[in-house]
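Trainee: Read off the chains here:
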Amino acid sequence: MMRLFPLIFLLLAGAAQAAEFGTLQVEKSAIAFVSRQMNVPVDGVFRKFSALIVLDPARPEAGRAQIDIDLASIDAGSAEANDEVKGKSWFNVREFPKASFSSSSVRSLGGGRFETSGRMSIKGKTLEVRAPFTLRQEKGALIVDGSFPLKRLDYGIGSGIWSDTSVVADEVQIKFHFVLTPVSK
Amino acid sequence: MIPVRYTQTAIALHWLTALLVVAAFPLGVYMADLALSPLKLKLISYHKWLGVTVFLLILLRLAWRVSHVPPPLPDSMPLWQRHAANGLHLLLYLLLFAIPLTGWLMSSAKGFQTVYLGVLPLPDLIGKDKALGDVLRQVHEMLNMTLLVLLLAHVAAALKHHFIERDGILARMLPFLERGDSK
Chain V
4 MMRLFPLIFL LLAGAAQAAE FGTLQVEKSA IAFVSRQMNV PVDGVFRKFS
54 ALIVLDPARP EAGRAQIDID LASIDAGSAE ANDEVKGKSW FNVREFPKAS
104 FSSSSVRSLG GGRFETSGRM SIKGKTLEVR APFTLRQEKG ALIVDGSFPL
154 KRLDYGIGSG IWSDTSVVAD EVQIKFHFVL TPVSK
Chain D
36 MIPVRYTQTA IALHWLTALL VVAAFPLGVY MADLALSPLK LKLISYHKWL
86 GVTVFLLILL RLAWRVSHVP PPLPDSMPLW QRHAANGLHL LLYLLLFAIP
136 LTGWLMSSAK GFQTVYLGVL PLPDLIGKDK ALGDVLRQVH EMLNMTLLVL
186 LLAHVAAALK HHFIERDGIL ARMLPFLERG DSK
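Protein chains in written order, with the working numbering: chain V, 4 to 188; chain D, 36 to 218.
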């Protein structure tokens with residue numbers, strides 16, 4: 004019996020390792036957002052980003068993520084909006100080309116739902132954020148879906164005349180969809 | 036009995052439409068060339084709300100028109116003028132229906148839903164399609180230029196009937212003109 008333990012341990016460790024997902028399928032993944040202009044929901048996306056995510060569905064609490072978004076790749080819904088939001092009063096992409104999220108913990112919310120906490124840095128400001136997400140496995144891939152509200156004025160996004168939240172709402176819904184395949188060895 | 040003037044409902048709907056069109060038209064021309072700003076976003080929304088209201092009014096007016104007989108034109112009017120007047124009215128109804136509709140479709144194609152008065156979202160009848168949005172914008176503008184020309188003809192004809200022919204046609208739509216004018 005005692006001799007079996009190392010063997011079981013090895014098997015478990017092997018199984019756990021095999022179940023770790025960490026290769027991002029960039030083409031199938033997306034970081035999108037919904038802003039509200041005059042109470043009209045407007046869809047937008049960030050076309051370029053990188054994400055280092057390591058998640059084991061058997062132990063999501065051990066998961067970690069480092070996400071970097073290329074802010075100049077924004078599509079805010081129209082050509083003139085895209086020009087505008089890259090400018091100084093919005094993202095100021097020349098000075099701050101990237102936004103990043105770095106996870107510090109993952110906890111279970113029950114019912115297949117999880118929440119990651121971490122630090123979000125945009126435009127030189129770093130704040131603690133929490134983002135709930137779900138996990139599901141499909142065709143050998145792990146799919147991470149979640150969304151959370153972000154207050155744009157907390158980061159000084161859309162200052163000056165644009166700080167009028169009756170025109171562009173403070174709250175922007177961020178949505179993420181990551182498709183991960185197992186870590187290749 | 037043949038009515039001598041439009042009903043109060045028809046008169047109210049006519050002048051309300053006129054007021055809203057007179058507000059929405061220059062607003063549309065002005066906002067279109069503004070650089071992106073909070074003011075522009077506000078004006079676009081107000082313009083859309085005016086347009087939706089015109090659309091609702093024109094549906095009511097079409098319902099009124101098919102359920103009522105409009106007051107007759109005076110016998111003094113030559114036949115070609117009757118045809119011209121009826122044709123012009125038909126075109127105005129069509130444009131006042133088509134213009135808000137193209138505006139609505141154009142908004143959807145450009146990816147900006149119409150939310151009436153900031154509370155009531157109108158369904159997007161078509162999906163986001165930039166090329167289609169640009170075409171619809173041109174159609175919207177072209178129809179509006181046509182409307183402008185036809186409205187000038189409409190107003191000119193009404194004034195001509197009132198001041199030159201003095202045949203009381205304008206009083207069908209402006210009852211207070213009837214005073215002192217009774218036969």
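Don't read these hints as lab results, they were simulated from the structure. Be aware that one or more of the hints could be misleading.
[Said to hold, decoys possible] In silico lysine to aspartate or glutamate, EDC-like type, Cα no more than 20 Å apart, as pairs:
hint, chain 1, residue 1, chain 2, residue 2
1, D, 165, D, 68
2, V, 154, V, 71
3, D, 77, V, 71
4, D, 75, V, 83
5, D, 165, V, 83
6, D, 145, V, 98
7, D, 75, V, 87
8, D, 77, V, 98
9, D, 75, D, 169
10, V, 51, V, 23
11, D, 77, V, 46
12, D, 165, V, 46
13, D, 145, V, 83
14, D, 77, V, 131
15, D, 77, V, 87
16, V, 91, V, 173
17, D, 145, V, 78
18, V, 126, V, 157
19, D, 77, V, 174
20, V, 178, V, 148
21, D, 145, V, 87
22, D, 75, V, 141
23, D, 165, V, 87
24, D, 163, V, 148
25, D, 165, V, 86
26, D, 75, V, 86
27, V, 178, V, 46
28, D, 163, V, 78
29, V, 128, V, 148
30, V, 154, V, 46
31, V, 89, V, 64
32, D, 75, V, 46
33, V, 126, V, 78
34, D, 165, V, 78
35, D, 163, V, 73
36, D, 75, V, 73
37, V, 89, V, 46
38, D, 145, V, 148
39, V, 101, V, 64
40, D, 165, D, 176
Trainee: For every hint, state whether the structure bears it out.
Mentor: Verification of the supplied hints:
1. D:165 - D:68: Answer holds: residue 165 of chain D to residue 68 of chain D is near 18 Å, not above 20 Å.
2. V:154 - V:71: holds, 19 Å
3. D:77 - V:71: Violated, at about 33 Å.
4. D:75 - V:83: holds, 12 Å
5. D:165 - V:83: Answer holds: residue 165 of chain D to residue 83 of chain V is near 13 Å, not above 20 Å.
6. D:145 - V:98: violated, 30 Å
7. D:75 - V:87: Distance ~13 Å between residue 75 of chain D and residue 87 of chain V Cα, so the pair holds.
8. D:77 - V:98: Answer violated: residue 77 of chain D to residue 98 of chain V is near 30 Å, above 20 Å.
9. D:75 - D:169: With Cα atoms ~18 Å apart, residue 75 of chain D and residue 169 of chain D stay inside 20 Å; holds.
10. V:51 - V:23: Answer violated: residue 51 of chain V to residue 23 of chain V is near 25 Å, above 20 Å.
11. D:77 - V:46: holds, 18 Å
12. D:165 - V:46: Distance of about 14 Å is within 20 Å: holds.
13. D:145 - V:83: With a Cα-Cα distance of about 12 Å, the restraint between residue 145 of chain D and residue 83 of chain V holds, given a limit of 20 Å.
14. D:77 - V:131: violated, 33 Å
15. D:77 - V:87: holds, 16 Å
16. V:91 - V:173: Holds - the C-alpha atoms of residue 173 of chain V and residue 91 of chain V are around 17 Å apart, at most 20 Å.
17. D:145 - V:78: holds, 13 Å
18. V:126 - V:157: holds, 10 Å
19. D:77 - V:174: It holds: about 18 Å lies between the C-alpha atoms, which stays within 20 Å.
20. V:178 - V:148: holds, 8 Å
21. D:145 - V:87: Roughly 17 Å between the alpha carbons, so the hint for residue 145 of chain D and residue 87 of chain V holds.
22. D:75 - V:141: Violated, at about 45 Å.
23. D:165 - V:87: It holds: about 18 Å lies between the C-alpha atoms, which stays within 20 Å.
24. D:163 - V:148: violated, 24 Å
25. D:165 - V:86: Judged against 20 Å, a Cα distance of about 16 Å means the pair holds.
26. D:75 - V:86: holds, 15 Å
27. V:178 - V:46: Status holds; Cα separation ~10 Å.
28. D:163 - V:78: holds, 13 Å
29. V:128 - V:148: The hint is violated at about 25 Å.
30. V:154 - V:46: holds, 16 Å
31. V:89 - V:64: violated, 36 Å
32. D:75 - V:46: With a Cα-Cα distance of about 19 Å, the restraint between residue 75 of chain D and residue 46 of chain V holds, given a limit of 20 Å.
33. V:126 - V:78: holds, 18 Å
34. D:165 - V:78: Holds: residue 165 of chain D and residue 78 of chain V sit about 13 Å apart, inside 20 Å.
35. D:163 - V:73: Given that 20 Å is the threshold and the Cα spacing comes to 24 Å, the pair is violated.
36. D:75 - V:73: violated, 28 Å
37. V:89 - V:46: At roughly 17 Å apart (the allowed maximum being 20 Å), residue 46 of chain V and residue 89 of chain V satisfy the hint.
38. D:145 - V:148: Given pair residue 145 of chain D, residue 148 of chain V is violated - Cα atoms ~27 Å apart, limit 20 Å.
39. V:101 - V:64: violated, 27 Å
40. D:165 - D:176: holds, 17 Å
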